[in-house]
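One line per chain: the protein sequences are A and B, in this order.
Here the first sequence stands for residues 1 to 131, numbered as in the numbering used here.
Here the second sequence stands for residues 1 to 218, numbered as in the numbering used here.
Please keep in mind that the hints were generated in silico from the structure rather than gathered at the bench.
There may be inaccurate statements among the hints.
[Stated by the list, open to error] Restraint-style ranges between C-beta atoms, simulated for each label pair:
id : chain 1 : residue 1 : chain 2 : residue 2 : range
1  : A       : 93        : B       : 33        : 37 to 43 Å
2  : A       : 113       : B       : 104       : 54 to 60 Å
3  : B       : 32        : A       : 99        : 16 to 22 Å
On a predicted model such as this, the values are computed, not experimentally measured, just so you know.
Ideal Cβ positions, reconstructed from N, Cα and C, are used throughout, including at glycine.
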Amino acid sequence: MRIVIMGCGRVGAHLANTMFRDHDVTIIDQSAQAFERLVPEFSGTTLIGPGDDPDVLVRAGIREADAFAALTNRDNANIMGSQMARELFNVPRVITRIYDHQQHDIYHELGLETICPTEEGARILEEIVTM
Amino acid sequence: MYIIIAGGGKVGYYLAKELLEDGHEILVIEKDAKTALQIGTELGDGSVMRGMADEAATMERAGANRADLIIAVTGDDEDNLVISQVARLKFNVPRVIARVNNPKNEELFRRLGINITVSSTRFILSLIEQELPSKAFIPLVNLRTVGMEFIELHVLPDSQLVGKRLGDVTLPPGSTFSLIVRAQKPLIPTADTVVEVDDRLFGFTPVAQESDFKRVVS
Numbered sequence: 001m002r003i004v005i006m007g008c009g010r011v012g013a014h015l016a017n018t019m020f021r022d023h024d025v026t027i028i029d030q031s032a033q034a035f036e037r038l039v040p041e042f043s044g045t046t047l048i049g050p051g052d053d054p055d056v057l058v059r060a061g062i063r064e065a066d067a068f069a070a071l072t073n074r075d076n077a078n079i080m081g082s083q084m085a086r087e088l089f090n091v092p093r094v095i096t097r098i099y100d101h102q103q104h105d106i107y108h109e110l111g112l113e114t115i116c117p118t119e120e121g122a123r124i125l126e127e128i129v130t131m
Numbered sequence: 001m002y003i004i005i006a007g008g009g010k011v012g013y014y015l016a017k018e019l020l021e022d023g024h025e026i027l028v029i030e031k032d033a034k035t036a037l038q039i040g041t042e043l044g045d046g047s048v049m050r051g052m053a054d055e056a057a058t059m060e061r062a063g064a065n066r067a068d069l070i071i072a073v074t075g076d077d078e079d080n081l082v083i084s085q086v087a088r089l090k091f092n093v094p095r096v097i098a099r100v101n102n103p104k105n106e107e108l109f110r111r112l113g114i115n116i117t118v119s120s121t122r123f124i125l126s127l128i129e130q131e132l133p134s135k136a137f138i139p140l141v142n143l144r145t146v147g148m149e150f151i152e153l154h155v156l157p158d159s160q161l162v163g164k165r166l167g168d169v170t171l172p173p174g175s176t177f178s179l180i181v182r183a184q185k186p187l188i189p190t191a192d193t194v195v196e197v198d199d200r201l202f203g204f205t206p207v208a209q210e211s212d213f214k215r216v217v218s
C-alpha cells in the first residue's frame, strides 16, 4: 500500500517506522529535524514542505496514494491537508487527527475519518479514575 | 448587516473600519491580546473580541448565529478554511468570504462550497501582468456567481486582430469587448472600430469559453 503521511511528529514517525517495511511510505514535514525521529533503516521517502500545499502533495506521490494520514500538531493544517487529499486527489482512505473536540465533531459529521486523542484520552482516564 | 471579521491583521482592521463607516454592525475576532486591545481603542470596545475564530465556542460567543456575513481574513489559508467551514456548517452563516493566500488553494475552497474567495496574490499578479508588454491575454476579475470573466487583451503585432474591424471578429457566444484603451485614451468600440497594434481591449467572456476566446483573439 502507498501511504503519504503529513507530519513527522511522534505519531507520524511511529507510523512511518512501523509501516515502511511492508508498504511504500512517504512522509512530509516542514522541518528536516523532524525526520530524526525515523529509524536509521527507514527506506521510505521524506519530503520537506507543508503537507497542505497541493504542489507538495503531488511531489509526495499523492496521485498514486492509497492512504493519507494528517498528523501534524496543528488541527487546521490537518483538516486542510486531508480535505485536499480527499477532494482534489480522491485518495481512498484519509485519516485526520484533530485535537479539538468540537472541531472533531464537526468534521466527523462532514464525513472525514477522524481521531480525537483528547476525547479518547479523557474517556480512558475517566474509566481508570472511576474504577 | 451584522458582519463578523475573523482576523484583526491589517486586512481585517481596515475592512472593519470601512464597513463601520458604511453603517454595518461589525465584530472583529482577533487572537492576539495586544492587537485586540488596539482595535478596541481605534474602533470601540464592542467592535472586537479576543479569541480564536476557528473555535466553535468563540463563534458562538460572537453571535455567528445571527451574522449575515463572515469574512475569514487571517494570514493562514488553513485557518480561513476552517473558519469558513465552521461558519457555514455549524452556524449556517448565509454568506462567507475567505481570503486565500496561495492561489492554488482556491480550487479546494470552491470544491468545499466556499465560493467567494479572494486571492490577493492572484490579483496582484494580474496587475503585474498588465504591465508586461509581451503578455497578451490577462484575466482580471472572475465574476464567479455568473461564470463570467472580465479580461484584458494587449494587441501584439502578431495578433490576428490587427487591422480587423471589430464587427468582423467572431467572438464565442456571450463574449464582448466593451472598452479599448488606445494611446492611453479610453474609447468605446463599435462594430466599425479597427483594431490597432498596442490597443488594450477590455471585455467579458464566459469562463467556460476562455480557450475558444483566446484562440479567436491571439
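A quick look at each hint next to the structure:
1. A/93 to B/33: 37 to 43 Å: This hint holds: roughly 41 Å between Cβ atoms.
2. A/113 to B/104: 54 to 60 Å: Violated: the Cβ-Cβ distance is about 25 Å, outside 54 to 60 Å.
3. B/32 to A/99: 16 to 22 Å: holds, 21 Å
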